[in-house]
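Chemist: Here is what each chain is made of, one letter per residue.
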Amino acid sequence: MSSAASAGQLRAEDVSFAYLGAPTAALRHINLGVAPGEVVLITGASGCGKSTLALALCGLIPSRVHGELRGRVMFGTTPLSGMKPHEASQLVGMVFQNPNLQLINQTVQSEVAFGPENLALPQPEIAARVNWCLDVTGMSGMRMAAVVTLSGGQKQRTAIAATLAMRPRILVLDEPLSDLDPVGAQEVLATLQRLARDGRTGVVIIEHRVDEVAPWADRVVLMDGGRVVLDRPPRAAWAEPGPWRATGVGIPDVVRLAHAVPEAFGSRLPLSVADAAAAVKGTWFETALAAAAAARRDAAAPSASHVNAAAPGAAAAAGPPVLSWDGVSVEFDGMRAVDDVTLSVHEGEWVALIGANGSGKSTLTGLTVGLGKPSSGVVRFRGRAVRPGKVFDHAAQVALLLQAADDMLFETTVRKELEFGFRFRARPKNPVLDVAEAVEFFGFTGREQDSPWELSQGGRQRLALAALLVGAPGVLVLDEPTTGQDAEHMRAFLRLLDRVRARTGITIVTVTHDIRGLASRAARVILLGEGQVRADGPANQVFAMTGDLIRWGVLAPPLARLQSELLGPTGGDVLLEVDELASAVLAHRSDGARATAAGAGVLRS
Amino acid sequence: MMNSLLVQTIIAYLLIFAVPMLLPVVFLKVVGLSGLRTLVTYEARDTPLHKLDPRLKVLYPVGMGILSILFTWKFMLIVFGLTLLPWFWLRPSPAKIKVLMVMIIGPAIAGFWGQGMYYLPPPPIHFLYKFPWTMAWLGSPGITTYGMIFGLQQTSRVLVTVSTSMLILISTDVGDFTWAFERFRAPPQVGFALTAALRFLPEMISRTTLVLRAVELRGYDMSRPRWHQFNRWPDYARRLSRCVVLVTVPLLIGTLRGTTTMAMVADARGFGAAKRRGSLRVHKTTAVDIWGYAILAVLVVGALVLNHLGIGARYYG
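For the record, the sequence lines run as chains P and X. No gaps in the numbering here: position 501 of the first sequence is 501 in the working numbering, and each next residue is one more. No gaps in the numbering here: position 250 of the second sequence is 250 in the working numbering, and each next residue is one more.
Everything labelled a hint here was simulated from the structure, so no lab data went into it. Fair warning: this is a prediction, and the values are worked out from it, not measured in the lab. Virtual Cβ for every residue (Gly too), placed ideally from N, Cα, C. Among the hints, erroneous ones may be present.
As the list claims (entries may be wrong) - Mimicking DSS-like on lysine-lysine, the simulated pairs with C-alpha atoms at most 25 Å apart in a straight line are:
1) P:K373 <-> P:K390
2) X:K275 <-> P:K390
3) P:K373 <-> X:K284
4) X:K96 <-> X:K29
5) X:K51 <-> P:K373
6) X:K74 <-> X:K29
7) X:K275 <-> P:K84
8) P:K416 <-> P:K429
9) X:K130 <-> X:K275
10) X:K51 <-> X:K96
11) P:K416 <-> P:K373
12) X:K275 <-> P:K373
What the hints assert, rightly or not - Chain P stretches covered by chain X per the calculated footprint, using a threshold of three residues with CB under 8 Å from any CB of chain X:
13) 218–232
14) 467–475
Stated by the list, open to error - Rough simulated footprint, nothing fancy, chain P against chain X, three-plus residues with beta-carbon under 8 Å:
15) 214–228
16) 260–269
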């Protein structure tokens with residue numbers, strides 16, 4: 001390493017840290033360097049020490065988070081660990097997960113100016129910094145906007161701008177994408193890449209959503225049990241899936257596809273959909289993919305359900321609906337959050353509602369339990385109108401699990417939490433799951449007398465879900481249940497939902513941004529855009545409409561985008577699982593090889 | 001029948017409790033927690049009032065508050081009228097007007113009603129309604145005309161400060177307040193406390209609303225009985241008070257987590273690093289500022305002179 005590089009480099013040198021009173025260390029012998037202009041992705045399972053490492057890298061450990069720190073964090077030749085926070089933040093800036101908690105001022109401009117004003121800089125310098133930060137984060141046009149009026153992506157970009165105003169050389173971001181829709185996430189990632197390339201700022205992104213960050217990263221760091229287990233450039237990092245499987249951390253779908261069909265992608269791993277498409281364009285893979293799609297179309301029965309964008313709701317199954325929205329509109333301060341929606345959900349269905357932030361998903365589902373009042377139209381549960389405001393009456397029929405499951409826990413023990421609802425209403429006569437069974441089913445055996453707050457975050461979410469299900473509701477509505485979860489926790493949650501459905505046969509309606517995991521798992525996907533239903537059909541058909549999805553602020557899963565890019569907007573279906581896609585392509589490999597050879601022959605002649 | 005002790009007692013109890021019970025109901029119906037959230041929210045607009053010198057904006061409620069104390073009732077009405085004029089200039093959103101009206105009229109009715117019952121002028125007293133002994137033992141002999149007028153006067157003095165403060169709150173970015181305080185040599189912590197309070201109060205109200213929703217979603221009965229279901233009201237009051245205990249835990253935990261992050265952010269952004277802060281804002285004094293200062297000075301000085309001359313001055317004796 002050159003001395004010039006090390007002068008501006010952030011280094012963790014054999015850093016170990018244990019929180020005050022904690023029996024085990026959160027960080028163990030971490031050695032890590034970040035250079036200006038570099039984008040480093042740090043990932044790992046929940047609780048592996050990523051966020052603790054972020055606090056250590058920006059000097060908030062030990063100055064503001066107390067515990068036992070060994071080793072040191074250096075910026076060039078300057079030790080960061082002993083600095084005051086405002087001194088450290090001029091070298092390494094930190095952007096926290098929740099932008100709401102880190103925006104202290106009322107307008108975008110005053111938020112960005114806050115740091116330089118605190119440093120008592122001269123006015124021209126403050127103005128120059130504010131202008132540069134707003135420019136580089138693309139927030140110049142909103143400088144006078146009130147913070148409360150911003151979208152999630154805009155808030156996160158404002159938080160980045162405010163941190164940049166301290167002129168750090170390295171920026172550390174702790175799960176900056178977790179609350180953002182895919183389009184908001186892309187805005188933030190583009191900003192970060194611009195910073196790294198043009199501003200020569202080092203960027204450390206701590207994130208579970210590896211699919212989205214992978215194309216932008218220069219290095220990937222995998223953590224497990226407080227240690228760095230892998231630190232390589234992305235292609236080298238994902239060349240061997242072993243460590244990723246061992247830690248339960250997700251690998252980008254295009255990388256998994258390249259591992260599943262190595263002969264199509266060669267030795268160079270694709271990191272993005274564009275990479276993957278470029279690698280297989282004009283090869284047997286593309287032809288085999290087209291042959292597989294044609295075979296699926298031929299095999300599909302004429303009566304099979306299909307996506308219907310022109311007449312939303314037409315994809316619904318037969319029989320009386322369990323939930324229905326009939327010409328429902330909702331207005332807030334003269335703005336239409338939901339606009340004349342007609343939908344029905346049938347018994348036993350698993351429906352995913354997708355759409356950009358503010359598209360009306362949560363408003364629509366909230367109406368099913370009486371949260372909010374339609375300005376027109378009727379919402380019905382099993383044919384009976386849902387009465388606005390009568391949440392207690394409807395909560396027994398429709399269980400709504402909020403995104404912040406912690407806010408749904410009120411009792412002192414797990415057992416009391418499960419019995420909470422029965423203090424106010426009679427126990428169901430024939431419960432599919434009673435309290436004792438729920439304890440076992442959800443994995444709380446032996447922990448009945450523990451406080452809910454002693455459980456892990458995933459455990460608290462399971463408890464809130466269990467507490468809702470013991471009331472024997474007819475429908476389960478989940479609002480962003482996998483936000484901020486790592487791949488392993490997300491898979492565990494999906495397995496749990498599968499078991500719940502198998503046991504209870506309950507209808508599930510999910511509001512989600514998690515297109516790759518949760519939405520792809522649902523049998524039916526409904527796309528909302530500006531309060532209206534824009535598409536409604538099976539997941540593999542809705543995700544084939546990549547152009548429409550982008551128009552309404554949603555990015556289709558990477559595999560769907562790859563198939564659309566190779567085959568064009570066919571209006572057919574796409575395969576959403578890596579194994580499924582690899583098998584289909586390999587099954588049609590001979591067709592593909594023949595066609596490619598024939599094509600080559602034509603070209604030669 | 002109207003003269004029977006029982007009927008008189010019922011009427012007296014209705015009179016004494018109707019207003020204190022109706023006001024919270026009206027507040028919840030018209031404003032609610034979400035309305036309260038918008039009350040202190042800054043409305044970014046391009047009006048001359050928004051661009052006014054922040055120092056003048058800080059001085060304005062103070063100056064008008066002084067006038068409201070110095071003058072007698074009739075002069076007070078003029079002062080109150082003057083405080084309403086800038087509202088026409090500002091033209092707040094309809095949602096804000098609705099909330100403001102409740103916040104202004106509510107205390108006015110409460111003050112007028114309370115003083116009507118408990119302010120006793122020297123005899124002879126003119127009662128609008130004289131309470132029977134079954135009610136008088138609570139400390140109020142009845143509702144007096146003079147008491148109500150006195151209540152109205154006192155309330156309007158308070159409303160002068162409320163009206164001016166609200167006007168400034170919704171037309172001024174908190175950063176400008178901080179700037180003004182610092183120009184007045186106030187410690188930066190004053191500005192920061194105000195900034196944090198005004199920024200996070202709406203967040204806190206949103207969170208409280210969310211947790212109250214969550215408790216209902218978990219099957220806690222928060223449904224309110226109809227007004228005539230008297231036997232169900234005590235149970236409702238019991239459920240309501242227990243709910244406060246229930247929601248405290250998630251609210252407290254969420255708030256503590258939030259404040260820890262906020263404190264780290266403030267530290268990282270260098271708050272407290274220098275004794276005096278810099279400022280992005282460069283305020284160039286405009287003609288509107290000069291007019292504003294002049295009008296405020298004329299009003300305050302004029303009030304002091306009139307007071308000295310005994311014109312419109314309150315009698316303290």
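Chemist: Going through the numbered hints above, which ones does this structure break? Give me the numbers in ascending order.
Modeler: Structure breaks hints 2, 3, 5, 6, 9, 11, 12 and 13.
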